[in-house]
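For the record, the sequence lines run as chains G and L.
Using our numbering, the first residue of the first sequence is number 1, and each one after it goes up by one.
Using our numbering, the first residue of the second sequence is number 1001, and each one after it goes up by one.
Heads up, a few of these hints could be off.
Here are the simulated distance ranges between beta carbons [stated by the list, open to error]:
| id | chain 1 | residue 1 | chain 2 | residue 2 | range |
| --- | --- | --- | --- | --- | --- |
| 1 | G | GLY153 | L | GLU1014 | 54 to 64 Å |
| 2 | L | LEU1099 | G | SER65 | 21 to 31 Å |
| 3 | G | GLN16 | L | VAL1135 | 43 to 53 Å |
| 4 | L | ASP1264 | G | GLY153 | 49 to 59 Å |
| 5 | L | ARG1018 | G | ASP58 | 47 to 57 Å |
| 6 | G | ASP58 | L | SER1326 | 32 to 42 Å |
| 7 | L | MET1022 | G | ARG171 | 15 to 25 Å |
| 8 | L | ASP1264 | G | THR247 | 45 to 55 Å |
| 9 | L | GLY1204 | G | GLY243 | 45 to 55 Å |
No wet-lab data here; the hints were simulated from the structure.
Backbone N, C-alpha and C fix where the C-beta goes; we use that ideal spot for every residue, glycine too.
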Amino acid sequence: MITSRHEDDALVIAGQRFDSRLLTGTGKFSDWRTMADAILASGSGLVTVALRRVDLGDPADSMMSHLSPSAYRILPNTSGARDAGEAVRIARLARAAGGFDWIKLEVTPEPNYMLPDPVETLKAAEMLVKDGFTVLPYINADPMLARRLEEAGCATVMPLGAPIGTSRGLRTRDQIGIIIEQSFVPVVVDAGLGLPSHAAEAMEMGADACLVNTAIAIADDPVRMARAFAAGVRAGREAFLAGHGGTSRLAQPSSPESGHVRGD
Amino acid sequence: MAALADRIDSTTGEQVRRALAMERPGPKEVAALVSPASRAFLPEIERRARQVTLHRFGRVVQLFAPLYLSNRCTNRCAYCGFAADSDIRRADLTPVRALENARILHEQGFRHVLLVTGEDPAYYGAGDIEAVVRVVSDLFHSISIEVFPMSAQDYAHLAAAGVDGLTLYQETYDLATYAAVHLGGRKRSYEHRLEAMEHGGGAGFRTLGIGALLGLSFWRTEAVVLAMHAAYLSRRFWRSRVALSFPRLVDAGRGFPVAHPVSDDDLSHMMCALRLALPDAEMVVSTREPAWLRDRLVGLAVTRMSAGSRTSPDGYITSGAGQQFSVLDDRTPAQVADMLALAGYDPVFKDLDRALRAR
Chain G
1 MITSRHEDDA
11 LVIAGQRFDS
21 RLLTGTGKFS
31 DWRTMADAIL
41 ASGSGLVTVA
51 LRRVDLGDPA
61 DSMMSHLSPS
71 AYRILPNTSG
81 ARDAGEAVRI
91 ARLARAAGGF
101 DWIKLEVTPE
111 PNYMLPDPVE
121 TLKAAEMLVK
131 DGFTVLPYIN
141 ADPMLARRLE
151 EAGCATVMPL
161 GAPIGTSRGL
171 RTRDQIGIII
181 EQSFVPVVVD
191 AGLGLPSHAA
201 EAMEMGADAC
211 LVNTAIAIAD
221 DPVRMARAFA
231 AGVRAGREAF
241 LAGHGGTSRL
251 AQPSSPESGH
261 VRGD
Chain L
1001 MAALADRIDS
1011 TTGEQVRRAL
1021 AMERPGPKEV
1031 AALVSPASRA
1041 FLPEIERRAR
1051 QVTLHRFGRV
1061 VQLFAPLYLS
1071 NRCTNRCAYC
1081 GFAADSDIRR
1091 ADLTPVRALE
1101 NARILHEQGF
1111 RHVLLVTGED
1121 PAYYGAGDIE
1131 AVVRVVSDLF
1141 HSISIEVFPM
1151 SAQDYAHLAA
1161 AGVDGLTLYQ
1171 ETYDLATYAA
1181 VHLGGRKRSY
1191 EHRLEAMEHG
1201 GGAGFRTLGI
1211 GALLGLSFWR
1221 TEAVVLAMHA
1231 AYLSRRFWRS
1241 RVALSFPRLV
1251 DAGRGFPVAH
1261 PVSDDDLSHM
1271 MCALRLALPD
1281 AEMVVSTREP
1291 AWLRDRLVGL
1301 AVTRMSAGSR
1311 TSPDGYITSG
1321 AGQQFSVLDD
1331 RTPAQVADML
1341 ALAGYDPVFK
1351 DLDRALRAR
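So here's chain G without its partners, still in its complex pose (with noise of 0.2 Å):
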């Protein structure tokens, strides 16, 4: 029902509520410190680590210290894996030592753009359908890829708006806009979302949440950008529910003029 849309607006992915529609990261950081206030911050209450980056297996690493399993779902991401077999293996590495059972899955086997591979995740992702995780694939903005890894049994599907780290915006914009229309598990824009509008903009479309990383952890202040952040994605979650009237190329006067008595 669209009151209850209204009054009782979670995002929720495979049965789990979240009351924030920002997703967020914890690459690029200066420091675990700032990188716990920026998360905290944005009110997100999911939020990816990379592997490669953490050392599971010992309970004193830095970075897993600073963020409370408590107060946030962890998303073990996959990056850094080049083809399914490396994607899979890691995913079991975080279930062995930390028992996650929730994978953002990136398979990105070419280093520069970061783009990820169509083939190796559909395989990654019905493996690890499989094997019971819940999946969270990182995909190209492809609407046809979508739906396989919908059919697969992924939980969500990720499309990016531009590659990776680079703030280029929505820039696969008309792509995502085939993927919410066509989508049955929420659609959240990941990658290339470098300033709140960019998330404001993708929410006015329709997508589910954003996943915001390199924007918040670069800017001078990431506390308040986090922040920022968080308010763009209400924002655009917001217009997006009042059913906003779209925009025109032609000026439409906000008095309209039809119907009105006119003196000869």
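Knowing the structure of chain G, use the given hints to seat chain L on it.
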């Protein structure tokens, strides 16, 4: 090379401005960006480099340590402390002794290591290196090698044993200079060395490290060819990340004159120009450089640094064996990490996982 040097030298300020106006200057623009005319634009080049580095890599710098396994060498490179005719104490590490050195690095916090040897494969070959890789494997999440040119098969074996990075400097891309300073041994062949990087790319190493030994030839021309080499490797071996190193010739006690000195500003200029053309390349600065300069280069272009380096075999336990070069930044790894933190950078000791390394 002469034609290239002419093109660089005759670059106008307008051409530099045009290169800088591009959203993404490519390797073709490096000639303009390192030209004498570009020196007037250095503040702008540095500003752009800082911005690109921050965007692509964030506020982090990776730390690693070299582990010298052998200083035996059959080459006669006029500039190198390990040269066959250099009067130094030779030494090489057994796997057990290498492990003892590796444990010290591990205790210092290192999880990325670079294994280094000279070139004497009959005495210390691919099999010896592989034996070391296997015994130190559990201590490190990333193992790179900077050894001698190998066959595709040897590289494949090492990759399978868990080596994820290959570094092999061409030393100079100027053929005449190359011939003049490489006086004996297998290294006399420019092509043999260049081809080895192809074999390494084919073996699937995650990182392919290249560089020119700065001071041998003109740095501006070296920068242009280095950028072309890097761009080629990225395109051909698209699964590998290219890493660029910028070793400047330092005195190895052989009285070798530096024919083309590279100033601190030149070094910074070269790194920043290449950063604009190769935004995703790792850039490495070693302890050959003084502390103050390394600190300055952080943030501009550098993404990886060695720290606490000992440049002789067994150097983390004993001294006495001949070293390749003398270290100018002798701060401990902890001191370098503190410097990075103070400068607003996260010192990263682990940026790979052995689960991603093992085949």
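Query raised in the report: Which of the listed hints are not met by the structure?
Result: none
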